[in-house]
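Undergrad: First to last, the protein sequences are chains A and B. The first sequence begins at 1 in the working numbering and counts up by one. The second sequence begins at 1001 in the working numbering and counts up by one.
If you're looking for bench data, these hints aren't it; they were derived computationally from the structure. Some clues are possibly wrong.
Derived EDC-like pairs (lysine to aspartate or glutamate); straight-line CA-CA distance at most 16 angstroms [unchecked claim]:
| no. | chain 1 | residue 1 | chain 2 | residue 2 |
| --- | --- | --- | --- | --- |
| 1 | B | K1057 | B | E1078 |
| 2 | A | K3 | B | E1044 |
| 3 | B | K1071 | B | D1024 |
| 4 | B | K1011 | B | E1083 |
| 5 | B | K1057 | B | E1044 |
| 6 | A | K103 | B | E1044 |
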Amino acid sequence: DAKTTQPTSMDCAEGRAANLPCNHSTISGNEYVYWYRQIHSQGPQYIIHGLKNNETNEMASLIITEDRKSSTLILPHATLRDTAVYYCIVRVNQAGTALIFGKGTTLSVSS
Amino acid sequence: DTGVSQDPRHKITKRGQNVTFRCDPISEHNRLYWYRQTLGQGPEFLTYFQNEAQLEKSRLLSDRFSAERPKGSFSTLEIQRTEQGDSAMYLCASSPQGFAGELFFGEGSRLTVL
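Chain A on its own, in the form it takes in the complex (with noise of 0.2 angstroms):
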């Protein structure tokens, strides 16, 4: 699988946009971008995935580049619960294949 790099952390202001970054410059054709979040004590939630096209769902926006080697997970009103680790995670979209976690962003929200 792909590496991934994201920075250790961020902070955001309560109701503003959260922009979380990745890069994954050695991605593969065949290898989706994958979102998930640790809120302390808690396991990891999925939140959103995409291969090359921008996505979004009711959590979040995932904005991919054309060359692939990066992409931007948007929270785009943050709240204090959106306090957590985010993992930037890159794999093949194939059955059984473990996601491998790295050490993610610690986004604080504050208000």
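For this one, chain A is given, so just place chain B on it according to the hints.
TA: Chain B in isolation, oriented as in the chain A frame:
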């Protein structure tokens, strides 16, 4: 609650003792994963089951660790002769047939080895 259930949530044991964790996946999820997470690190993959078959094991799964999923439903993770380095959160996740990307995680079992 129909999510992934793990038991016990917390376990404190003395070095050298054996411990067993149980995971009940979401009903009808045929894939089950075990991860380990230490403080400040992301979850590390340990092993994966499809139904009752253990299809993949990480090199992190030493011979003191054994996982089973005897009837393709719940799973157990046993650690024999625990060491202080085994102290961690043990996470279980499951996923359904046909969708590869979304894993549903339980809240984990925290092990402290004294």
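Undergrad: Against each hint, give a clear statement of whether it holds in the structure.
TA: Quick rundown of the hints versus the structure:
Taken as a hint, the B:K1057 and B:E1078 pair is honoured in the structure, with Cα atoms around 14 angstroms apart against an allowance of 16 angstroms. For the hint linking A:K3 to B:E1044, the alpha-carbon distance of about 15 angstroms falls within 16 angstroms, and the restraint holds. Pair hint B:K1071 plus B:D1024 holds up; C-alpha atoms about 12 angstroms apart against a cutoff of 16 angstroms. With a C-alpha separation of about 14 angstroms, the suggested pairing of B:K1011 with B:E1083 holds against the 16 angstroms cut-off.
Pair hint B:K1057 plus B:E1044 holds up; C-alpha atoms about 12 angstroms apart against a cutoff of 16 angstroms. Our distance criterion of 16 angstroms between C-alpha atoms is met by A:K103 and B:E1044, whose separation comes to about 10 angstroms.
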